[in-house]
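These protein sequence lines map, in sequence, to chains A and B.
Here the first sequence stands for residues 1 to 257, where the numbers follow this note's numbering.
Here the second sequence stands for residues 1 to 648, where the numbers follow this note's numbering.
Don't take every hint at face value.
What the hints assert, rightly or not - With a straight-line cut-off of 20 angstroms between C-alpha atoms, the simulated DMTMM-like cross-links for lysine to aspartate or glutamate are:
(1) B:161 to A:202
(2) B:42 to A:132
(3) A:189 to B:239
(4) B:42 to B:239
(5) B:161 to A:135
(6) B:42 to A:135
FYI, nobody ran anything at the bench for these hints, they're computed from the structure.
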Amino acid sequence: MSSPLLDVTALVLRFGGVTALSDVSFSVAEGALSAIIGPNGAGKTSLLNCISGVYRPQRGRIVFDGADVTRMGPAARTRLGVARTFQNIALFRGMTVLDNLLIGRHVHQKTGTFTGGVYWGRGQKEEIRERERVEEIIDFLEIQPYRKQVVHTLAYGLQKRVELGRALALDPRLLLLDEPMAGMNAEEKEDMARYILEINEERGTTVLMIEHDMGVVMDLSHRVVVLNFGQKIADGAPEAVQGNTEVQAAYLGGHAA
Amino acid sequence: MRTSLALQRPEPAPVQARRDTFPKLLLENAEQFGDRAALREKDLGIWRETSWRRYGERVREFSLGLVALGLQRGGKVAIVGDNRPEWVISELAAQSAGAASVGIYQDSNLTEVAFVIDHCDAKFVIAEDQEQVDKILGMIEQLPKVTHVIYSDPRGLRRYKHEKLLSFDEVEKRGRELHAKDPDLFARNIARGEGGDLAIICYTSGTTGSPKGAMLTFANLLTMAMSLHSVDPRRPTDEFVSFLPLAWIGEQMMSVATALAIGFTINFPEEPETALHDIREIGPNVMFAPPRIWEGLNSTVQVKIMDTTPLKRFLFERLMPIGHKVADLRLATGKVPPLWRVLYFFADWLLYRPLKDRLGLSNLRSGTTGGAALGPDVFRFFHAMGVRLKQIYGQTEISGISCIHRDDRIRFHTVGEPIPGTEVRISERGEILSRSAAVFVGYYKNEEATRATLTEGGWLHSGDAGYLEDGQLVVIDRLKDVLRLADGTQFSPQFIENRLKFSPYIKEAVVIGQDKPYLAALVCIDQGIVGKWAEKEKISYTTYTDLSAKPRVYDLLQREIDRVNQTLPAAAKIRKFVLLYKELDADDEELTRTRKVRRSFVEDRYAGIIAALYGDAQKFAVDTTIRYQDGRTARIQANLAIREMRVA
């Protein structure tokens, strides 16, 4: 096997006296669909924030595609191909679905304010090309009926889908999803699971997600990392993790049998 | 009710010389229209065109591909999926090879899909996408005759491995190879086709038993298309949006038969959910839709008006009556006085044009509704804003159409007059019979059903009860739901009840008359609306029972019933009615949970009142207890008046 797409080594993150992550190491292979699970407060979102560059860990190393990105800001990592969605939807609520997705493409646009502004020549060509990319995402996520609707008027499940679309618009190589199914009904979850699978299988995008729905995690992911109180307690195939006594104890709150 | 008169249209339907099959028409159009748009599909946000020439080429490639895979003359190709160019291309490809196409509703359940595919002996199934492919492959064991399942949308299917599964592109590729080897094959295949060949098998969902496959020939469908065209003309420059299931005869009629015969452009929406939005972008010239679509447009407007600015609402409320008045005048007399014309001119610019633009109806020349009855209010709404909506009537078995309103003779309660070449007659049993060159050949592999439907002399039995009124056909109800008076006169209680319920003052009505000398009605007033009316008229009242016993309320309801009586044939007019002292209620088991009247229960319960309706009494004393939802009971004592209508 070639080197992994994402390699996290001995990560330590502290907030004052609280240790959010202590000595966490794991890796994600190119093309994999991995999940991070763990009880509330285990440090899952903190870990994702470290990978996307929102938090700077005190110690440890994050290597993305062979490059050390530990000290890089979120924008720089985005340009390298790391995109994410948030637990609480982070979209421009007053803008249309289309505009939100086009903003996702902004990082790939090269023309300046002037050329883009007059919509002529190179700027025009680029805008048409970006719109085409966005239309493919709209088609992929089946949100054609809502293209011109303002985001905050959409149902919650749809907003989540739009947020996923915005992340996809970045053309990521690594897609980080923070609880993509939270608050969804069974049908919406099924749809979302299908999109995640297709993103991974058809587009070949590497996916790392945090998810609470164990059914989804066990069905979708190739590999599961389990955190508890900031420490990694298990890492492996879903079946293996499920049988792990320490994991069961962490979830049930009892003692390891 | 007159039953013996027939409506006859002696003019024969126009004949088509060498244009007797769909594939021949396609070739001719490809040559004649060349680069003009035949099909348009919105894909990735953009309307993408297929020219008539390209349409012909794609049909050739796919048709030869099917031939290369073993499709034979007389074979069947089943098609299931949303409205896309590939749907009609598949259909024409099958027909070009001398096979028939069988459309399957995309939302059918597994049992229905399996039944149709197996029953029609299809070897080829064209399934649009993963959803449909999953359905077919999931029960492939029950479909031993199927040799190939072909999909057009590869999404999610790349990893599917099944020996019978292949892509649309793959079939087209094989077609190109065969074409390179034998460049004349396609033309030869088409030349062998004749008007009498089977074009489509249209499965109708039977309310009882398995679906029946109506076999329709090219001659059937083209006769219908040209006859319809002669009374409701289409132009080659017309735009049509295809958004109803292509398995439905109505959509076949427009998107395939008429589109090929006339050469207009078919537009396919991006997704079924975006159809109404896409209609607005296209601005179709011709539109054929079932009542629910028109009702949907109407209620969208009503809802939006409630939310709009006071100025716009003011304009809507003031200007709409002008349109209603002008529509009524135009329909009743055919003439509109100059003053009203001037008023209409202003209302048109201020309200109707912007409104039509919003709905995508600005360019609409021919709007038709069919499949069920449309309420007169909705009809009137569209006529008021200048959309001359017309009713169509017909069955799958007569290629979809036997009657249509004529532009200058539109009555909301009729379904119009027979199209040229079509005879319509009412049988002794009161059933609507029709005969024309568009009547089908029979049901596929179902002799018994064919004999029951298609009788001697080529008369098609519709199963609908109806009557004729000044040369127009009125459809009453399904024959099996029709009852008889003692003298044998037929009436449809539901038909009359629905008419009564169009009145805002009437909440429920039960029409009685089976084996009785005349019709009578039990009527429940709408307390809210009648109550408001009573307030305005300064009539004081206490309860529902009290309100419905007021003589002036009786007068009001009598006028409403009179209005309905005027539209009914003499023998089927309501002679007496009573206003019930309580509303019919599902908790009292008088209605079903879907608010349908439980006729026999109601007739039992109110047997005393009904007996009085057929006696000489003017009054009927009621002394009964009713049960409230919380279980309490109350005694009701009332003296019900029985009102006799003045029936000419």
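Pair hint residue 189 of chain A and residue 239 of chain B, alpha-carbon separation not exceeding 20 angstroms: violated (39 angstroms)
Given hint residue 132 of chain A paired with residue 42 of chain B - CA-CA distance at most 20 angstroms: Distance of about 13 angstroms is within 20 angstroms: holds.
Restraint check for residue 161 of chain B with residue 135 of chain A, where alpha carbons must lie at most 20 angstroms apart: Status violated; Cα separation ~29 angstroms.
Restraint check for residue 42 of chain B with residue 135 of chain A, where alpha carbons must lie at most 20 angstroms apart: Status holds; Cα separation ~11 angstroms.
Satisfaction of hint between residue 202 of chain A and residue 161 of chain B, Cα-Cα up to 20 angstroms: Answer holds: residue 161 of chain B to residue 202 of chain A is near 15 angstroms, not above 20 angstroms.
Agreement of residue 42 of chain B and residue 239 of chain B with the hint, judged by alpha carbon distance not exceeding 20 angstroms: holds (14 angstroms)
Hint compliance for this structure: hints 3 and 5 are not met, and every other hint is.
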